[in-house]
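K.L.:
For this one, chain A is given, so just place chain B on it according to the hints.
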Amino acid sequence: MKNILEVKNLNKKYDNFELKDVSFSLPEGMIMGFIGENGAGKTTTIKALLNIIKKDSGEIQLLGRDHLKEEKQIKEEIGVVLDDMFFPEILTARDINRIMKDVYKTWDSNLFNQYLEKFLLPSNKPIKTFSKGMRKKLEIITALAHHPKLLILDEPTSGLDPIARTEVLDLFQDFIQNETCSILLSSHMTTDLEHIADYITFINQGKILLSKTKDEILEQYGIVKCREEEFQKIDPKDYIRYKKNKYQYEILIENQQEFKKKYDIKTIDKMTLDDLMILMIKGEKSC
Amino acid sequence: MLGFIKKDFALMKNNFMLLVILLVFYIAMGISGEIDISIILPFISVLVMISTFSYDDFNHWNAYASCLPDGRKNCVKAKYVATILLIFLVTTITMVLSILLSSLHTKNIDYTYILYTMVGEIFGTILVLSIMYPIIYKFGIERARIIIFIMVFGIGILGGFLLNFIDVANILNLFSFLKNDWVITLILSSLLLLYISCQISLKIQQKKEF
Chain A
1 MKNILEVKNL NKKYDNFELK DVSFSLPEGM IMGFIGENGA GKTTTIKALL
51 NIIKKDSGEI QLLGRDHLKE EKQIKEEIGV VLDDMFFPEI LTARDINRIM
101 KDVYKTWDSN LFNQYLEKFL LPSNKPIKTF SKGMRKKLEI ITALAHHPKL
151 LILDEPTSGL DPIARTEVLD LFQDFIQNET CSILLSSHMT TDLEHIADYI
201 TFINQGKILL SKTKDEILEQ YGIVKCREEE FQKIDPKDYI RYKKNKYQYE
251 ILIENQQEFK KKYDIKTIDK MTLDDLMILM IKGEKSC
Chain B
288 MLGFIKKDFA LMKNNFMLLV ILLVFYIAMG ISGEIDISII LPFISVLVMI
338 STFSYDDFNH WNAYASCLPD GRKNCVKAKY VATILLIFLV TTITMVLSIL
388 LSSLHTKNID YTYILYTMVG EIFGTILVLS IMYPIIYKFG IERARIIIFI
438 MVFGIGILGG FLLNFIDVAN ILNLFSFLKN DWVITLILSS LLLLYISCQI
488 SLKIQQKKEF
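Those protein sequence lines, which keep their order, are chains A and B.
Here the first sequence is numbered in my numbering, starting from 1 and rising by one per residue.
Here the second sequence is numbered in my numbering, starting from 288 and rising by one per residue.
Just chain B, same shape as in the assembly:
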């Protein structure tokens, strides 16, 4: 599987310049205090990982991967491991930058706030990717883009509609038993989501014909 992870990271290198530009932009916004730098995490992670799928599809990589030892399984597993590694890397950079930028504005840095924000965004990012990956494996990146766009649009409309009838505070109260454990709960939930998503993607990939 290591070879496939290396391949995904090699594919990411093309995004390196774009990432540096984005980072500089966000740091500049962060210095001026206009934006919270942590929002860079979901944006970068989704953008970079989806670009690896585009390269794979465009160059018929998955058909070739099926000819390699355990290639069908390993190329899927590697994608998920690469996702975890990338999120870990981006989270570390973002946390360091958040702390540094906060120190420019205040002497009392709110570490708890930074931690909670990061964990929340990790969960959100993983939730999005966990839904997207099986769709991409099933339909290919081009069709998946359309399906995901429709899904996001649909969820937005449906969510907006349901919010008129649902009291969000009551729902959040349902999770009050978690108290201070919700950070670890979110991290474990993220890993569980990825695991379930990976199993679905593996099933799709095993049956797929190229």
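Chain A extracted, bound-state conformation:
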């Protein structure tokens, strides 16, 4: 399968933070959830992909092309939502339509107006009168209305109520239906990602901890709950992280089948992305 997005050894150093050899790839027709706690490097990575910040080193390919050498052409074919609000507040949705018509060659005013109606967004009122959720919706439909091949979205569902979130997630799933369009989506709403993502990439302190298919993670990974004497018998090579609670240990393992074969521990729970994040960040690893 062709990759629509490929990042290799991306590095970017600040005084108090750095992206270290960030590498991951997103195949065509897929949605990748980009997760990590606040300050983990999600937004920095996205900004480097979009050349909003300059990378120190590394290779970034978007739509099979170098993201700097063919920047203009690439940006014609990608849609973007950034974490901060970015439309000047005194503009209206109608203004956005007028502006974008002359920014994107493939801007589709009809589609934009259909989305406005669908999401009940007024076209003639200043954006400053919109709620946070309405603003996010406007940003999302603006990202979609020029028929992009790749969406790069930083926290697109934050501020949306559950109904609006469902509508937006449906929109994302419709977007990838033709199997050539893809989405990179950073989000704290891991339950959303469990519904729509095909791949999960997890970043922590500027390093990629894992990048795998969601099914692989949710079906193979698991959480073993056991007492201390059972925990002591487990080879540290067989788990990723552990957390000691008041009455038991929670152990994150990578392969449930292998683990069951090796140890006589019956309680292996299915894991959520939240569990994964918490154990990977807060859990300990024996030397």
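Just so you know, these hints were derived from the structure itself, not from any lab.
These figures come from a predicted structure and were not determined experimentally.
In this text, a Cβ means the ideal position worked out from N, Cα and C, and glycines have one as well.
Hints are supplied without guarantee of correctness; some may be wrong.
[Unchecked claim] Cut-off 20 Å, straight-line C-alpha distance, at most; resulting in silico cross-link-like pairs (EDC-like, lysine to aspartate or glutamate): (1) 54(A) x 496(B); (2) 364(B) x 76(A); (3) 494(B) x 15(A); (4) 128(A) x 344(B); (5) 20(A) x 496(B); (6) 13(A) x 496(B); (7) 494(B) x 56(A); (8) 72(A) x 357(B).
[Stated by the list, open to error] Reference listing, derived: stretches of chain A covered by chain B, where coverage requires no fewer than 3 residues with Cβ under 8 Å from a Cβ of chain B: (9) 45-53; (10) 65-79; (11) 90-104.
P.N.:
Okay, now just chain B, sitting in the frame of chain A:
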């Protein structure tokens, strides 16, 4: 680039009421003969253009513009084109008003005086904006305001000090070779200033991280 120019003009609409009030005020002053209406040109142009930068900065527009096709370059170029268009628009309105108001006071309207005043003010306005824009792109509107204030204050003090030692008439004599060509010279100089300023702003914007 057209989309970005449209954006800047859409941002100006919020100043529309303020401009109408200013215009009415200046016309009233102009009718009474207490003020020359042409001074409205630099005032309006600087005020309106700076307000577009404020909206851009406040709403993180430049970061988003960097994600659009050729957005980094076009948002800068558009700002300069919008400046020229706005100055042209305000100059036209001001000239018409100047002529109309002059006709209230005298039958012999001094068209040459009006033209010279307008050209001088266009040059002055463009000179100020050409210096301000790269500073705004480099430091952002909030910090730029302080820097520009310090600059204006510093130039005022330095200028006042230097005037004690310099004979202005002698300096003006240096340009006497321009004779009657100084109108066209000032207009071309204004355009050159804007071009140089635009190139500097583009360089700053290309390197900037948001």
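K.L.:
Take the hints in turn and mark each one as holding or not.
P.N.:
We went through each hint and held it up to the structure:
no. : hint            : in the structure
1   : 54(A) x 496(B)  : holds (7 Å)
2   : 364(B) x 76(A)  : holds (19 Å)
3   : 494(B) x 15(A)  : holds (18 Å)
4   : 128(A) x 344(B) : holds (15 Å)
5   : 20(A) x 496(B)  : holds (19 Å)
6   : 13(A) x 496(B)  : holds (13 Å)
7   : 494(B) x 56(A)  : holds (13 Å)
8   : 72(A) x 357(B)  : holds (5 Å)
9   : 45-53           : holds (count 5)
10  : 65-79           : holds (count 5)
11  : 90-104          : holds (count 10)
Violation of the numbered hints given earlier is absent; every hint is satisfied by the structure.
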